[in-house]
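Asker: Quick note, the sequences are listed as chains A and B, same order.
Quick note on numbering: the first sequence equals residues 24 to 139 in the working numbering.
Quick note on numbering: the second sequence equals residues 887 to 997 in the working numbering.
Worth flagging that the hints you see were computed from the coordinates, not collected in a lab.
Mixed in with the good hints, there may be bad ones.
[Stated by the list, open to error] Straight-line Cα separation of at most 25 Å, BS3-like style, residue types lysine-lysine; simulated pairs:
id	chain 1	residue 1	chain 2	residue 2
1	B	K887	A	K65
2	B	K928	A	K78
3	A	K87	B	K954
4	A	K78	A	K37
5	A	K43	B	K887
6	A	K78	A	K43
7	A	K37	B	K887
8	A	K37	B	K954
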Amino acid sequence: GAVVSQHPSRVICKSGTSVKIECRSLDFQATTMFWYRQFPKKSLMLMATSNEGSKATYEQGVEKDKFLINHASLTLSTLTVTSAHPEDSSFYICSAREASGAFTQYFGPGTRLLVL
Amino acid sequence: KQEVTQIPAALSVPEGENLVLNCSFTDSAIYNLQWFRQDPGKGLTSLLLIQSSQREQTSGRLNASLDKSSGRSTLYIAASQPGDSATYLCAVMMDGQNFVFGPGTRLSVLP
């Protein structure tokens, strides 16, 4: 099946710094990528939907200036957590949907962010 | 607004038992429903996908059913094994775009 990778798998940073997380579709082109956030023992919450070449659509309550999303190519989307704070610590998971028009989404392995 | 719930929140069973995980959703206008498995600290593994026009899907020891009109789905796991221990997430897709996830059921299968 299709593979989605995320880098880094885990990151620890100091409060106030910015962290970039990459999501790549390895063997298919993804016109749409989704970013989810998961708190410990909680389910996934959709943060934003990004379409290649256009601005991301953010879910209600998600600060777009805090979580910058760029989807510059059909295989790469990035999420940048700006001026990270301890409450941003979470598990971030991306998913990608094929450009073929099928609605199947493939999920990445996730990135664990810890802000000290 | 679509809401997805899962019962039970946690389940512990001895190896070999058959078990049923339940998922309910409030808006029946779904595109499809998918069951995922998530191991601790890991991403999601898709188990079964049921299109809105389908009633059930089977894969090995897993069987998922869908009753769209009543807003319910069940995941049946036969002859459970310790390797089945994980969190099982139910998710519904709305309009072929976004998933709405349930809170998950944490399953422990004891050897």
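Asker: Evaluate each hint against the coordinates.
Answerer: How the hints compare with the structure:
With a C-alpha separation of about 19 Å, the suggested pair K887 (chain B) and K65 (chain A) falls inside the 25 Å cut-off, and the hint holds. Our distance criterion of 25 Å between C-alpha atoms is broken by K928 (chain B) and K78 (chain A), whose separation comes to about 28 Å. Simply put, K87 (chain A) and K954 (chain B) have alpha-carbon atoms about 35 Å apart, too far for the 25 Å limit, and the pair is violated. Between K78 (chain A) and K37 (chain A), the direct Cα distance comes to roughly 28 Å. Violation of the 25 Å bound is thereby established for this hinted pair.
Of the supplied pair hints, the one linking K43 (chain A) and K887 (chain B) is violated, its CA atoms being roughly 31 Å apart against a limit of 25 Å. Between K78 (chain A) and K43 (chain A), the direct Cα distance comes to roughly 17 Å. Compliance with the 25 Å bound is thereby established for this hinted pair. Of the supplied pair hints, the one linking K37 (chain A) and K887 (chain B) is violated, its CA atoms being roughly 37 Å apart against a limit of 25 Å. This hinted pair does not check out: K37 (chain A) and K954 (chain B) have alpha carbons roughly 47 Å apart, beyond 25 Å.
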